[in-house]
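Asker: Letter by letter, the chains look like this.
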Amino acid sequence: MKAFRYDRATTVEGAVRALGGGGAILKANGIDLLDRMKERVDEPDRVVTLVDVPGLDRVEKIATGVRLGSMVTLAALAASPDVTAASPALAEAAGWAASPALRNRATLGGNLGQHTRCGYYRLKSFPCFKRGDSICPVRIEGGVQENAGIFDNAPCACAHPSSLAPVLGAVGATVRILGAGGERVVPLAGIYGPVKQGRPTDLALAPDDVIVSVDVPALRPGVDREGVYEVRQKAAFDWALVTCAVRFSVEGGAVRSASVWLGSVAPSPWRSAAAEQAIVGKPLTPATAAAAADAAVVGAAPLPGTAYKLDLVRASVRRAFAAAGERK
Amino acid sequence: MAPDDRAGVPPPSGLSRRDLLRGTGLAVAAGTVLRAGRDAVAEDAPAAAAGVRTQGPGAVEVTLKVNGVVRKVNVEPRETLLDVLRLPLDTTGAKRVCDRASCGACTVHLDGQAVYACAVLAVDAEGHDVTTVEGLAAGKGAALVEAFVRHDALQCGFCTPGMVMACAAAIDAHGPDLTMDQARAATAGNLCRCGTYPHVLEAALTAAKAAKGR
Amino acid sequence: MAEGKTEDKVKLGIVTPGVGDVVREVTIQREDDDPVTWGVDAKLAVVGKETPRVDGRVKASGAARFTADIRRPGLAFARIVRCPFGHAKVKAVRLDRAKAMPGVLGVLDLKRGRATYAGAPLAAVCAETETQLDDAMRAVEVDLEPLPCVVDATDALREDAPRVDPKRANADLPAGGRGAAPPEAVAKALAAAEVKVSATYRTQIQTHSAFEPHGSVAEFGADGGLTLWTSTQGVESVQRDAAQQTGLPVGSVRVITEFMGGGFGAKFGTTECDRAAMNLAQLTKRPVWCMNDRREEHLVGGNRPDSVQALTLGGTKDGTLTVITGEVYGTPGNGTGGAGAANTRAYDIPAQSVAQFGVSTFTAVGRAFRAPGHPQGFFALEGMVDEFAHAAGLDPLDVRRRNDKHPIRRLEWPLGAKRIGWAAHRRKVPGSDPGPVKRGVGCAAGVWGNAGGGGWRIDLVLGRDGSVVVRSGVQDIGTGTKTLLAVLVAEELGLRPEAVRVEIGDSRFPPGPGSGGSTTAPSMGPVARDAGAKARAAVGALVAKEWGVEAGPLTFAAGQVKGPGGKATTFAKACSLLAPEGATVTGRRRPNYAGFHGTVGGVQFAQVAVDVETGVIRVEKVVAVHDAGRIVDALTARSQVNGGVIQGISYALYEERLLDRTSGDMVNPTLDTYRILGMADCPEIDVVFLDVANGMNNAGIMGLGEPATVPTAAAVANAVFNAIGVRLRELPMTPARVLGALAAARKGGAK
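Chains as they are written, first to last, in numbering that gives the first Met the number 0: chain A, 0 to 327; chain B, 0 to 213; chain C, 0 to 750.
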């Protein structure tokens with residue numbers, strides 16, 4: 000890593016001010032950031048950390064559901080009865096992500112803000128659109144395409160690797176951010192932005208914005224159902240190939256509202272409005288779930304080496320709905 | 000042979016080979032590659048904001064508690080706990096295999112929880128209890144170490160310290176009733192190239208039975 | 000009878016009861032003082048039992064110091080700056096800025112005019128600390144002109160492909176043949192074959208991924224001698240190379256490998272890191288540590304070459320295999336040697352003609368990797384045998400048994416079949432399970448052949464206090480060599496293995512073989528036995544004299560020495576009869592005897608579950624039936640088989656070096672994107688040993704490490720076919736490939 004000054008904020012406001020000086024990057028526990036810094040993909044002069052800010056790791060029951068501090072670890076999410084009650088799919092996804100040692104350190108905020116796993120991005124000897132070059136080597140003939148995205152994959156074919164973010168999208172989570180202009184609350188989709196040449200992060204936040212907490216609306220018993228399904232090549236300790244998370248409400252035997260999100264298919268967590276439209280108004284059956292699954296790949300434009308993800312999207316959408324159906 | 004074209008394959012989109020190979024830090028072909036980045040924090044870095052304690056970029060003295068012993072050591076903020084354990088503290092049980100939080104060979108306990116030492120800054124470990132395999136083996140992990148030996152849960156031994164620490168965490172969490180599935184889940188983040196997995200699980204269960212209940 | 004030779008009639012064959020009466024009396028002509036080889040009826044106290052590793056505690060407690068852990072006063076750190084392109088002109092290397100960086104002690108220009116693989120070394124830098132080294136590396140300036148490259152063997156065959164060596168085409172043609180039968184015989188057999196199958200099998204580049212990287216700590220002493228702590232499979236090979244490279248006499252170079260973190264074939268002789276460490280140690284007058292990081296290990300640490308195997312297999316409709324032909328090529332990197340696939344090494348098919356050649360590419364050289372040529376060769380051969388059986392409407396296990404004449408392996412098939420439940424679990428109609436998750440079973444053979452050899456020696460020092468110390472320059476790469484030596488000495492002396500202190504991995508001790516080819520146990524085990532026997536003879540002679548009896552009938556067992564008439568003493572007390580300085584005996588390795596059989600077999604059965612909607616394959620169970628002569632330590636032997644199976648499944652399902660075809664660099668040089676099998680992927684592995692009194696050396700030991708990984712990928716692939724009814728002929732069997740094969744089959748593609 001390049002040498003850096005470590006700025007240890009003791010309040011979120013202090014972190015925002017420290018970030019405002021420029022040349023700095025925000026760090027939670029650094030699970031993703033340290034990897035990038037070791038490769039010198041990131042070479043900040045200053046690292047502003049939240050590790051000394053008290054209270055950011057709280058799980059708090061609120062009227063609408065549960066408020067998760069941005070420094071809550073994945074292990075804490077998985078083990079929390081309040082999280083499990085508000086969103087069983089979130090607890091589940093947190094519980095199978097990565098490995099136990101990583102879950103003990105990886106934070107919610109860090110998970111949302113993590114960068115793509117694209118091998119070209121993470122090695123400086125390769126050109127990369129996100130790191131400022133004009134081409135994406137994945138898209139060039141001879142590029143390795145296996146891990147690319149299938150939506151919004153031009154000019155950059157990266158995929159956002161978080162398996163939690165699709166769940167948060169599906170449950171309608173909102174994100175509280177403190178910045179130089181004060182505090183604001185945005186839906187999950189609002190923290191992400193389109194790929195920009197020379198911008199490695201997919202977060203559309205200002206350099207001095209700090210994610211403070213995430214509010215998760217609670218599952219309404221008897222009304223809402225949710226499910227999450229992740230396709231991984233290895234049984235554990237592997238990046239998702241595709242994740243699907245769903246939350247929907249059922250009334251009078253039919254789906255009244257539905258939220259279908261996918262992970263690892265686009266530069267940011269991907270909401271499938273097409274799948275939602277396909278299922279709303281219908282009863283939930285294997286056939287309607289399959290129709291939603293087929294709708295979910297409409298508009299996908301995979302590179303030849305990524306075509307297999309179409310099947311994975313279909314399977315994970317069907318199975319996320321099936322998992323929701325099985326849950327009491 | 001023209002250096003601009005990949006032989007037999009016309010460059011797509013009219014891009015030349017030089018364009019394809021241009022990347023951050025790599026200059027145009029025939030120029031300099033592997034150019035040095037800035038090697039010092041700019042003189043004009045903003046002063047620390049109020050209420051923000053700064054460390055570095057040069058070495059700072061930190062106090063680490065490793066295996067119950069207080070150690071003072073000078074480290075730069077960029078040094079990982081793993082590197083500080085292995086070098087100035089000469090506690091080489093935890094191994095560096097991937098240095099990218101993807102193999103588990105550097106697993107230690109931080110306040111009793113399994114973490115990858117390569118993914119923890121040494122300065123972040125100050126104020127916390129660090130336990131390495133050496134400390135565990137000398138203390139409550141002795142039975143676990145014996146179980147590893149008895150079940151041949153090691154071969155070359157390079158992943159073994161990490162495996163021991165992961166199993167110890169499983170035993171701490173589940174006690175004598177540790178199941179195979181729980182042991183498997185607890186060690187899912189510890190890779191092994193020699194193939195010790197089946198025997199590691201046997202050792203974990205044997206050691207768990209010997210452990211006192213929580 | 001030749002001078003110094005003795006003849007014994009020994010019953011050799013299968014020791015394991017209930018397998019079949021496969022015992023022969025063989026006349027062994029041995030050197031007088033070599034212990035008689037153990038026959039099938041040998042009663043052994045320690046050999047064959049479960050002996051925990053003698054170095055288990057020191058490794059599991061973190062106390063063991065591997066090369067990566069060696070710390071010396073004044074230790075400095077070095078790394079190599081490498082070319083990121085597969086092919087580049089190196090126009091300049093500028094080291095002035097790096098030299099001026101804080102803490103830098105020395106730099107090397109590695110003077111390479113043209114780089115022909117990503118990872119080619121350009122320069123080396125040495126600094127006081129790793130952080131200073133990290134900064135200094137970035138200050139090295141290199142002028143590179145990227146050139147066109149080709150990294151795929153098939154691409155490299157094209158006429159217009161860039162040439163690795165401008166003076167010759169990339170392909171090493173004409174091809175060599177394996178078992179080349181005369182063309183007329185082959186043509187005749189092909190024409191006569193009632194059932195014929197043709198297919199092309201492909202396997203990937205696999206990197207060794209040993210957890211400890213390559214590298215060394217090099218330190219020159221005041222007398223100019225060199226000490227090299229190194230992570231190697233061949234202490235002697237490194238000593239030789241280092242002496243040659245430094246110009247020192249061999250005797251002035253000491254190589255130490257007390258513990259090493261895996262090799263799998265990649266670590267023989269000195270490599271770039273070792274040479275950089277030595278050069279920089281000489282330059283800076285400091286001890287220097289230089290090792291690869293994980294990316295470098297993947298890039299330049301060695302690999303198993305890939306393969307494209309176009310084969311035709313033919314035979315009679317009742318399942319007798321008569322002919323195999325084909326053409327095989329692969330890339331071993333910059334060179335051409337070592338890319339062969341051993342796809343004719345089972346079933347003694349009478350008409351064989353498979354041509355093999357290598358293709359150079361702009362990638363780092365391959366290195367021998369656990370059973371070179373065999374996992375890929377058997378993946379193809381056993382896939383073809385399965386396809387043949389399917390085409391003939393026969394049970395693939397029946398076809399194998401019909402054609403297998405290996406005297407040991409043919410007994411392993413029914414054992415394995417029973418334990419996997421072949422009759423019950425093999426789907427008569429492949430792919431016939433309902434539901435998205437389909438199960439199936441498959442099987443495959445393996446073969447290897449190593450009875451060891453060489454003129455190795457071991458020193459055994461007896462102390463008057465009964466202490467026993469064994470010294471050998473051989474290394475233990477994780478296979479348990481150290482324990483093996485202790486067990487064999489303990490067997491002879493009637494001691495527990497823990498009572499034998501073993502010191503290995505130091506070139507100051509009598510040299511041992513490199514740990515490759517699965518030769519270490521069969522080479523060194525008999526030497527240890529011989530040393531133990533000599534020690535026993537030395538002590539026995541003294542006790543016999545003390546008791547006034549013949550030495551012959553004395554027994555050494557359970558720490559005691561016993562004689563006629565109830566005479567008894569402890570081993571320690573017996574040793575007190577030694578001269579004050581104790582006694583040193585030397586065990587020697589004699590040439591091999593004819594023995595029972597020169598090769599080992601091995602069969603594996605796998606059960607898999609394939610999710611046809613996601614393409615994800617789970618291996619649920621593997622039954623591995625193996626033989627390796629006399630099993631010395633049942634614990635470490637089982638670990639070896641587990642290890643071979645696990646690597647084989649990992650090869651079958653996950654591992655693949657992914658190179659960018661434009662730049663030639665590796666896109667997944669990690670342990671998360673280069674996937675290796677993890678704990679959660681590990682199936683139930685049921686290991687069965689056929690113990691064989693082999694008689695080729697005094698302990699009857701054969702090698703085991705490599706045979707254990709030969710059949711696995713083939714068995715898994717055959718199980719996948721049984722599960723989904725679609726043949727995958729390319730490794731690794733990723734979800735993308737499974738889904739692709741299923742889609743092609745639905746479109747009416749070939750099964």
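Hints listed in this document are in silico derivations from the structure and should not be mistaken for laboratory results.
The reader is advised that the hints may include incorrect statements.
What the hints assert, rightly or not - Distance windows between CB atoms, simulated:
id: 1; chain 1: A; residue 1: Arg-255; chain 2: B; residue 2: Lys-211; range: 52 to 62 Å
id: 2; chain 1: A; residue 1: Gly-324; chain 2: C; residue 2: Ala-422; range: 44 to 54 Å
id: 3; chain 1: A; residue 1: Ala-273; chain 2: C; residue 2: His-424; range: 55 to 65 Å
id: 4; chain 1: A; residue 1: Ser-133; chain 2: C; residue 2: Lys-746; range: 36 to 46 Å
id: 5; chain 1: C; residue 1: Glu-49; chain 2: A; residue 2: Val-222; range: 57 to 67 Å
id: 6; chain 1: A; residue 1: Pro-206; chain 2: C; residue 2: His-424; range: 54 to 64 Å
id: 7; chain 1: B; residue 1: Thr-178; chain 2: C; residue 2: Ala-536; range: 32 to 42 Å
id: 8; chain 1: A; residue 1: Ala-205; chain 2: B; residue 2: Ala-142; range: 51 to 61 Å
id: 9; chain 1: C; residue 1: Ala-190; chain 2: B; residue 2: Asp-180; range: 50 to 60 Å
id: 10; chain 1: A; residue 1: Gly-304; chain 2: C; residue 2: Lys-746; range: 13 to 23 Å
Using N, Cα and C, we set each Cβ at its ideal position, and we do this for glycine too.
Asker: Each hint should be assessed against the structure and marked as holding or not.
Answerer: Right, here's what the structure says about each hint:
no.: 1; hint: Arg-255(A) - Lys-211(B): 52 to 62 Å; verdict: holds (53 Å)
no.: 2; hint: Gly-324(A) - Ala-422(C): 44 to 54 Å; verdict: violated (38 Å)
no.: 3; hint: Ala-273(A) - His-424(C): 55 to 65 Å; verdict: violated (42 Å)
no.: 4; hint: Ser-133(A) - Lys-746(C): 36 to 46 Å; verdict: holds (38 Å)
no.: 5; hint: Glu-49(C) - Val-222(A): 57 to 67 Å; verdict: holds (59 Å)
no.: 6; hint: Pro-206(A) - His-424(C): 54 to 64 Å; verdict: holds (59 Å)
no.: 7; hint: Thr-178(B) - Ala-536(C): 32 to 42 Å; verdict: violated (53 Å)
no.: 8; hint: Ala-205(A) - Ala-142(B): 51 to 61 Å; verdict: holds (53 Å)
no.: 9; hint: Ala-190(C) - Asp-180(B): 50 to 60 Å; verdict: holds (57 Å)
no.: 10; hint: Gly-304(A) - Lys-746(C): 13 to 23 Å; verdict: holds (19 Å)
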